[in-house]
Amino acid sequence: MGRYRMTTTIKEQLQIAESRLTLYYKAEKAILSGQSYEMEGLKLTRANLKDVQSMISALESKISALKAQLRGRARFRVVRPGW
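Per the numbering used here, the very first residue in the sequence shown carries number 23; after that it's consecutive.
Calculated directly from the structure, the hints in this document are not laboratory data.
There may be inaccurate statements among the hints.
Listed next, with one range per pair, are the computed distances between beta-carbon atoms [unchecked claim]: (1) Thr44 to Lys72: 34 to 44 Å; (2) Glu34 to Glu82: 13 to 23 Å; (3) Glu62 to Thr31: 40 to 50 Å; (4) Glu60 to Lys89: 42 to 52 Å; (5) Lys65 to Pro103: 22 to 32 Å; (6) Pro103 to Glu40: 10 to 20 Å; (7) Leu45 to Pro103: 16 to 26 Å; (8) Pro103 to Ser55: 27 to 37 Å; (9) Lys51 to Ser83: 15 to 25 Å; (10) Gln37 to Pro103: 34 to 44 Å; (11) Pro103 to Ser41: 41 to 51 Å; (12) Pro103 to Ala69: 16 to 26 Å.
Cβ coordinates follow ideal geometry from the N, Cα and C atoms, glycine included.
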């Protein structure tokens, strides 16, 4: 039962991250076309493209990690003593 509950949580996190990523892609498109954009009920007329692109990159990484967890291959690194 514990494993099922964890998988459901990962799936929910993945769905949220993918929804947010879609919003950030729309925001990036609006910024690049010089228009204002609306996200989560907040209308912004000036935005920092660098910040939006940084969040896109972070969300893409998070989505990849969550998908790896769902496949049962979480990313980890082995560090040997003395290296």
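The hints, checked one at a time:
1. Thr44 to Lys72: 34 to 44 Å: Check failed, 20 Å falls outside 34 to 44 Å.
2. Glu34 to Glu82: 13 to 23 Å: 18 Å, holds
3. Glu62 to Thr31: 40 to 50 Å: Given a distance of about 22 Å, which is not inside 40 to 50 Å, the answer is violated.
4. Glu60 to Lys89: 42 to 52 Å: 29 Å, violated
5. Lys65 to Pro103: 22 to 32 Å: 54 Å, violated
6. Pro103 to Glu40: 10 to 20 Å: Violated, since Pro103 and Glu40 (Cβ atoms, about 39 Å apart) do not stay within the stated range.
7. Leu45 to Pro103: 16 to 26 Å: 44 Å Cβ-Cβ, so the 16 to 26 Å window is violated.
8. Pro103 to Ser55: 27 to 37 Å: 53 Å, violated
9. Lys51 to Ser83: 15 to 25 Å: Given a distance of about 20 Å, which is inside 15 to 25 Å, the answer is holds.
10. Gln37 to Pro103: 34 to 44 Å: Holds - the Cβ-Cβ distance for Gln37 and Pro103, about 40 Å, lies within 34 to 44 Å.
11. Pro103 to Ser41: 41 to 51 Å: At 42 Å between Cβs, range holds.
12. Pro103 to Ala69: 16 to 26 Å: 47 Å, violated
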